[in-house]
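Chains as they are written, first to last, in numbering that gives the first Met the number 0: chain A, 0 to 251; chain B, 0 to 509.
Simulated from the structure, these hints should not be mistaken for laboratory data.
Warning: the hint list may mix true and false statements.
[Stated by the list, open to error] Restraint-style ranges between C-beta atoms, simulated for each label pair:
| id | chain 1 | residue 1 | chain 2 | residue 2 | range |
| --- | --- | --- | --- | --- | --- |
| 1 | B | Asp334 | A | Ile111 | 55 to 63 Å |
| 2 | B | Gly329 | A | Tyr10 | 25 to 33 Å |
| 3 | A | Arg54 | B | Gly329 | 21 to 29 Å |
| 4 | A | Gln103 | B | Glu131 | 31 to 39 Å |
| 5 | A | Thr53 | B | Ala215 | 53 to 61 Å |
| 6 | A | Gln103 | B | Gly329 | 48 to 56 Å |
Treat the numbers as computed from the prediction; the structure is a model and nothing was measured.
Just so it is clear, CB atoms sit at the ideal spot from N, CA and C, and this is done for glycine as well.
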Amino acid sequence: MIGTLFAILFYLATLLFVVGLLYRISIYSHTPAPLKIPTTPAPINTGGVVLRMTREVLFFESLFKANLWTWGLGWLFHASLVLVLLRHLRYFTEPVWAWVAFIQPFGMYAGITMLLGLAGLWARRLFVERIRYISAPSDHLMLVLLMVIAASGLSMKFLAHTDVIAVKGFILGLMYFNWQPLPDHSGLYVHLFLVTVLLMIFPISKLLHAPGLFFSPSRNQADNPREKRHIAAWAKQLDASQLGPNDMGNAK
Amino acid sequence: MSATITAPAYRIIPIIPALKPGAMEDSKSFVANDKIQEALGFPGQLVDGWHDRAIARMGELLGKYRSLKVFLDACVHCGACSDKCHYFIGTQDPKNMPVARQDLLRSVYRRYFTTLGKFFPKLVGARDLTREVLDEWYTYFYQCSECRRCSVFCPYGIDTAEITMAAREILDSVGYGQKYSNEIIGKVHRVGNNLGLPGPALLDTLEGLEEDVKEATSIDVRFPLDVKGAEVLLVTPSADFFAEPHIDSLIGYAKVFHATGTSWTLSSMASEAGNFGMFIGNYEHLRKIAMRIREAALELGVKRIVVGECGHAWRVAYSFWNTLTGVGDGADANDKFAMMLQKQLDHRYKQPLHICEFTWDMIEQGALSFDKEANDKHIITFHDSCNVARGSRMGDFAGGQFEIPRNIIRAVANNFVEMPSSTTREQTFCCGGGGGLLTDDLLDLRVKGALPRMEVLQQAVDEHGVNFMATICAICKAQFTKVMPIYGFDRRMVGGVHQLVSNAIRLGNK
Chain A
0 MIGTLFAILF YLATLLFVVG LLYRISIYSH TPAPLKIPTT PAPINTGGVV LRMTREVLFF
60 ESLFKANLWT WGLGWLFHAS LVLVLLRHLR YFTEPVWAWV AFIQPFGMYA GITMLLGLAG
120 LWARRLFVER IRYISAPSDH LMLVLLMVIA ASGLSMKFLA HTDVIAVKGF ILGLMYFNWQ
180 PLPDHSGLYV HLFLVTVLLM IFPISKLLHA PGLFFSPSRN QADNPREKRH IAAWAKQLDA
240 SQLGPNDMGN AK
Chain B
0 MSATITAPAY RIIPIIPALK PGAMEDSKSF VANDKIQEAL GFPGQLVDGW HDRAIARMGE
60 LLGKYRSLKV FLDACVHCGA CSDKCHYFIG TQDPKNMPVA RQDLLRSVYR RYFTTLGKFF
120 PKLVGARDLT REVLDEWYTY FYQCSECRRC SVFCPYGIDT AEITMAAREI LDSVGYGQKY
180 SNEIIGKVHR VGNNLGLPGP ALLDTLEGLE EDVKEATSID VRFPLDVKGA EVLLVTPSAD
240 FFAEPHIDSL IGYAKVFHAT GTSWTLSSMA SEAGNFGMFI GNYEHLRKIA MRIREAALEL
300 GVKRIVVGEC GHAWRVAYSF WNTLTGVGDG ADANDKFAMM LQKQLDHRYK QPLHICEFTW
360 DMIEQGALSF DKEANDKHII TFHDSCNVAR GSRMGDFAGG QFEIPRNIIR AVANNFVEMP
420 SSTTREQTFC CGGGGGLLTD DLLDLRVKGA LPRMEVLQQA VDEHGVNFMA TICAICKAQF
480 TKVMPIYGFD RRMVGGVHQL VSNAIRLGNK
């Protein structure tokens with residue numbers, strides 16, 4: 000019974016996540032950027048932009064310049080999250096890919112460092128006056144959500160084991176439409192439920208910072224406005240009106 | 000009011016200030032009257048139904064500007080920007096933290112345009128657009144100088160300037176404009192420059208300058224106006240025509256053109272490089288003001304367009320002119336509007352070119368020589384202007400906007416020292432008067448906003464005996480001459496890079 004509920008929940012969450020995210024990305028990519036606004040000094044060509052974005056995505060370069068505490072804690076959390084997510088691939092693959100098996104032990108510890116990073120970020124939000132001032136309830140709740148997901152996951156490793164073979168069976172069953180029962184385990188229920196919540200709110204919350212970064216004109220534009228005329232479709236229409244009815248125009 | 004304005008105390012060490020909520024809630028620039036508003040095509044007064052019109056305008060802007068859409072969505076409230084704004088540092092008002100300033104608009108965006116904000120406003124900090132919120136927008140979006148310092152530090156590149164511009168555009172569209180900026184935009188449309196200096200007065204001023212320079216150097220340095228067929232059109236902020244110390248840099252440009260034998264002209268049609276259309280975030284006004292340069296260039300048949308010392312003007316010229324008016328290169332062959340001008344321009348040179356690029360190029364070619372000793376009375380430091388530093392470039396490599404002005408200073412003077420690197424180059428602080436805030440009704444804000452620059456200038460004075468701060472922005476020059484005396488500095492400490500060039504350049508007998 001509860002397995003069926005979770006199956007439905009997972010399908011729904013995945014659908015909302017994928018469709019919502021694609022919808023967002025399509026809005027971002029269809030909205031014009033009419034003016035060149037890279038924050039300079041900016042790369043002067045596309046290759047440079049790729050490098051700049053890579054540094055931002057992998058190392059949080061701008062945040063590093065801003066505040067070492069936020070950078071350290073934020074990077075620790077995100078890097079740990081990546082390892083944890085990759086480790087979880089073992090539940091989706093049969094046989095488990097060799098490199099996923101290899102990172103398994105690191106992934107376990109990453110769960111702990113992820114929790115530490117989140118706790119640090121939350122402490123900052125609670126105790127630094129400026130950050131507390133700008134925090135909405137959702138900012139706190141987002142951290143709580145992630146911390147409970149991490150803690151419930153870790154609890155299944157370190158406190159009360161669940162039948163991971165059966166869990167894997169359940170997930171593979173979802174993937175191949177051959178539904179299997181879910182083990183009866185409250186920590187597991189909490190973990191899985193909150194993961195579906197996270198998936199569902201991703202496209203409508205500040206988690207949009209992930210796709211947003213790639214569409215940020217101040218970071219993804221090459222600094223070449225003098226060399227190449229950059230013009231949005233709606234702005235182009237203004238040019239046409241300037242040229243006048245005889246097309247060749249007569250500005251003076 | 001100005002009698003009571005005093006400089007805030009320097010911080011002992013540059014610690015992050017504690018919050019003083021509401022500290023600047025009464026610092027509100029004068030609102031534009033009907034006449035000023037209507038001249039720009041905006042409603043004269045706050046319109047009936049402003050609420051719906053404001054939300055509708057926000058919706059339009061969200062569809063036209065990816066920056067606005069992404070920036071409103073992506074912020075995670077990490078606080079990276081929270082201590083980076085000079086107005087926050089100087090005023091301690093939490094609404095002057097970049098993220099909090101953005102949130103004034105973001106909260107309304109969330110309420111009307113996002114799922115969570117529609118159903119759970121309290122949860123995500125969304126709020127209705129009320130009259131109080133509208134007033135708060137007016138107050139705090141005219142306490143942002145659009146200097147982009149916050150965007151350097153944001154992990155997603157969120158640029159508060161883009162949010163401020165959108166907010167000002169929404170305010171203008173419902174009849175709630177700022178007197179200072181909108182009056183100036185009216186003047187440039189009507190007369191051709193921000194100061195409202197008509198053609199004959201300009202001619203008179205330039206003739207006077209020729210006499211002054213002749214008297215000082217006994218050399219005939221010309222200041223030509225509206226000369227058809229000149230090689231170079233110089234477009235410069237109108238403050239250069241008579242404000243101190245701006246005019247000394249104008250003399251410097253003229254001497255550089257003279258010494259290099261360059262045929263050049265000013266234009267009465269394009270007697271203003273500044274473009275306050277950017278400050279109010281209005282594309283049509285931004286474009287219309289920039290069109291004067293295109294028209295002048297076509298009419299005079301010039302081959303090159305050079306821009307004088309002005310920060311936001313250089314951002315508009317460098318980053319936007321090609322888009323707005325075709326002043327640049329690389330238009331499609333079938334782009335008739337742009338090609339009409341681009342065919343005329345000489346593409347062996349960058350179009351447009353900053354006067355510092357022009358001068359440095361001439362120095363590198365050995366076309367200029369200097370008596371550096373003429374500047375020995377000065378121990379010089381350089382204040383990077385925000386719009387040059389973070390919204391434009393010079394030369395053909397990233398960061399040329401930092402190196403080229405410094406190279407010129409080193410070429411014309413012997414004593415140059417830097418201020419701390421956390422306050423220069425891309426991390427430079429705004430002078431405190433940019434972005435449409437250079438008005439006496441905001442003097443208190445301007446004085447406080449200058450605090451972080453004044454602190455490190457004082458340090459440079461104490462450690463190195465600095466007595467001259469060079470800068471390449473008309474607004475910086477005007478702002479510093481006004482606020483530096485309040486901090487106990489001599490107002491003559493600030494001046495242009497070409498003022499130093501002018502002091503040292505060898506004319507005639509090179």
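Verification of the hints:
Checking the proposed 55 to 63 Å range against Asp334 (chain B) and Ile111 (chain A) shows it holds: the Cβ atoms sit about 58 Å from each other. Here the CB-CB span from Gly329 (chain B) to Tyr10 (chain A) is close to 50 Å, at odds with the stated 25 to 33 Å. Take Arg54 (chain A) and Gly329 (chain B): their Cβ atoms lie about 27 Å apart, and the range 21 to 29 Å holds. Checked against the hint of 31 to 39 Å, the pair Gln103 (chain A) and Glu131 (chain B) fails, with Cβ atoms roughly 56 Å apart.
At about 55 Å, the CB distance of Thr53 (chain A) to Ala215 (chain B) agrees with the hint of 53 to 61 Å. Take Gln103 (chain A) and Gly329 (chain B): their Cβ atoms lie about 52 Å apart, and the range 48 to 56 Å holds.
The earlier numbered hints that this structure contradicts are 2, 4.
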